[in-house]
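Chemist: First to last, the protein sequences are chains A and B. For the first sequence, this note's numbering assigns the number 11 to the initial residue and increments by one for each residue that follows. For the second sequence, this note's numbering assigns the number 5 to the initial residue and increments by one for each residue that follows.
Wrong hints could be hidden among the right ones.
To spell it out: a stretch of chain B is covered by chain A in this simulated footprint if at least three of its residues, at any positions, have a beta carbon under 8 Å from a beta carbon of chain A; those stretches are [claimed, not checked]: (1) 16 to 23; (2) 164 to 173; (3) 188 to 195; (4) 201 to 213.
Think of the hints as simulated: they come from the structure by calculation, not from any bench. The model shown is predicted, which means the values in this text are computed figures rather than measured ones. Just so it is clear, CB atoms sit at the ideal spot from N, CA and C, and this is done for glycine as well.
Chain residues, written in single-letter form:
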Amino acid sequence: MTYVFQFGDVWRSIDELLWGGLLTIELSLGGLLFGLALAVLSAYARMTWPRVATPVVGAYVEAIRNTPLLVQVFLIFFGLPALGVRLSADQAALFALSVNFGAYATEILRSGLESVPAGQVEAGLALGLKRWQVFVKVEMFQAMRVVFPALSSQFILLLLGSSIVSAIAAREMTAAANDVQSRTFRSFEVYLVVTAFYFVIATVFSTMLEAVDRLVFRRQDRPREVS
Amino acid sequence: MNRVFSLNDLTYILLATRWTVLLSLIAFAGGAFLGLIVALGRVSERRSFRFACATYIRLFQNTPLLMQLFLVYFGVNIVGLNIDPLAAAAAGLILNAAAFLGEIWRGCIQAIPPGQDEAGRAIGLSSWHRMWLIVLPQALRIAIAPTVGFLVQIIKNTSLASIIGFTELTRSGQITNNATFRPFLIFGIVALLYFVQCWPLSYWSRKLELRLGTDGKGT
C-alpha cells in the first residue's frame, strides 16, 4: 500500500492551529512569569526564615521534580474541583505549568545564589543597602547571570512540555491539532505540521534568549576579555 | 452512579506500575544503545557523521515528546503496519532518550582531556581502540551521575504513553477515576507511585555527583 500525503485539509485549518500556537506561547510565557515569581519567593523565603522555609521549599521542589507533569495536570484539573476550587482547562493548564516550572527554577536559582560569594552581600550591606536591596541588586543579578543559560533551556522544556496540557483539552496547539485530526483523519500530516511549528517556536525562543544573555549578562565580560 | 473506590482499584493501579517500570527499562536500554551511537557520531572525525547526529539531537530536543510519540504511532500505521501502543510508545521513547543521552554523553566524552587521546595515538592505538580503551572508560565515570538523573526523566516521560492509549500507571489512574471519580485520592496515589520510583534515583544521582566531584564544585 502506498500512502498519499494530503496536506490540503491541514492548510484549510491552519488558522485554528496558529491560534493554538498563540495560546501555547501565552501559556509558556505565563508559566515562565509565575514560575520565576515562585522561584524568587522561595529563594527569598529560604533566606529570611530558613528554619521554616527550607524544608517546605525542599518538599515542593522534590515533589514536583519527581512526578510527571501529566499527573500534576490531572491532580490540578480533576482534583482541585473536589476541594471546591473550580478552574477552566486553560486556567488549570497555566497553574500546572507555573507550579511545575517554579520547582525547576527554584532549584536552578538556588545553585546560582550559592555561587554568589558572601563577600558580595557583606559589601552591599557595608555600603548601606537594605537587606532586600542586596538580595535584588547584588545576589539576584549575579545569580541570574550564572543561571540564565540553564533557565533558558528549562524554558524551552516548558514550552515543549506545554503540549501535555492538551490531555485536559486546554485550547493550545496540540489540542487544536487533535481537533483537526479528528475531523479530517489526516493524523500524520497534522502532527507533522504542528511538530514543525513547535520546532520553529522553540528555535526562535532559544535564539532570542541567547541574544538576551549576551546583551544583558555577558556585556561586562568584554572589557575583561580585552585587558 | 459511580462505583466506590475499593481495594481492587488500588491493586489495579499498583499492578499497572509494572508497565511503567517495563517501559522505562525498554526506553533506557534502547535509548542507551542508540544514544551511544549518536554520541560517538557527534565526536566522529567525519564531518557528515557529526552533522547528522547534531541534526538528530536538534530535532528531538526542540520538538515535544508527545508529538514524537504521535508521529511514530500514526507514521507506522501509514506504512500499512499495525502497531500496538506499547511498541509505538517504546519506539518513541527510545528515539527521544537517544537524543538526550547522546548529548549528555557527548559532553562527557569531550570532557576527557585531549592528551589522553593523543597519548593513545602516540603508542600506536587505532582510533577505535583509543575510544574504547582510553576515552570511554574515563567518560563513563563522569557520565554515571547525569545518566541516573536522566533515568528519572525517562520514568516521567513514560506517562505520555497513556495519551496514545497504552495502559501504564497514569492511564490506570484515569480509568479508575472515570469509574469511581475520586480524582484527588487516585492521582495522589499515582503521583506517589511515580515519586517512590523517581526520588531514590534523584537522590542517588546527587550523591554520585558529590562523590565524583562532577558537580563543578569538587576536586
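Chemist: With reference to the structure, classify each hint as holding or not holding.
Modeler: Going down the list of hints, with the structure as the test:
1. 16 to 23: violated (count 0)
2. 164 to 173: Since 3 is at least three, the answer is holds.
3. 188 to 195: It holds: at least three residues are needed, and the stretch 188 to 195 of chain B offers 5 whose Cβ sits within less than 8 Å of chain A.
4. 201 to 213: holds (count 3)
The structure fails hint 1 only (numbered hints given earlier).
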